[in-house]
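Based on the sequences and whatever the hints tell you, model everything.
Chains as they are written, first to last, in this note's numbering: chain A, 138 to 248; chain B, 313 to 426.
Think of the hints as simulated: they come from the structure by calculation, not from any bench. C-beta: ideal position from N, C-alpha, C; glycine also. Fair warning: there could be bad hints in the mix.
[Stated by the list, open to error] Straight-line Cα separation of at most 20 Å, EDC-like style, residue types lysine to aspartate or glutamate; simulated pairs:
no.	chain 1	residue 1	chain 2	residue 2
1	B	Lys369	B	Asp398
2	A	Lys140	A	Glu203
3	A	Lys189	B	Glu414
4	A	Lys140	B	Glu356
5	A	Lys140	A	Glu168
6	A	Lys243	B	Glu356
7	A	Lys140	B	Glu414
[Unchecked claim] Selected chain B positions facing chain A (Cβ under 7 Å, derived; list incomplete):
no.	residue
8	Ser360
9	Glu414
10	Gln415
11	Phe417
12	Pro419
The primary structure of each chain is shown beneath.
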Amino acid sequence: DAKTTQPTSMDCAEGRAANLPCNHSTISGNEYVYWYRQIHSQGPQYIIHGLKNNETNEMASLIITEDRKSSTLILPHATLRDTAVYYCIVRGSGGYQKVTFGIGTKLQVIP
Amino acid sequence: EPEVTQTPSHQVTQMGQEVILRCVPISNHLYFYWYRQILGQKVEFLVSFYNNEISEKSEIFDDQFSVERPDGSNFTLKIRSTKLEDSAMYFCASRVAGQGTEQYFGPGTRLTVT
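Spelled out as structure tokens, the structure:
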């Protein structure tokens, strides 16, 4: 699985959009970009994933650059409950698809 | 919305004792996983399970660990003789079949070995 690079921490004002970047310059053609988050030692929570196209669901949007070497997770209106560690993970679609977590980005939403 | 459940939420045991951590994956899921997270550290993969057998395991998953799907709904992790360093949060996860499908994680069991 390709390596990812994320900032260690970020702050965001409540109600504003949170934009979390991720670099994955060694991503290969069949690897997906996944985002999970972990709120204070709870189980990791799946947010969104994509291959090439931008994706949106009820939680977030995922913007993947055309060369697929980086992506941005967007939480459109951050709330205090979005304070968590966010993990960007690049993973192939084959095999048994274990998730390899890095240290992620600690997002602090500020009132 | 269906979710992965785990019991107990907290287990305290003495060193050398056996523990069994229980998980109920989402009902139509076919792939099952255990992960652990030592306090302050990353979430680490332990084992994946498919079609009633282990499909992949990490170096952490040594002979002291075993997994089982004893019936159609439960998925268990057994630690035969616990050590102090087994103290951690243990997360179960599951997913449906198919390429690129996401894993859904349970809330975890906090294991404390004294």
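I'd like to know which numbered hints this structure contradicts. Please list them from smallest to largest. Failing hints: none at all.
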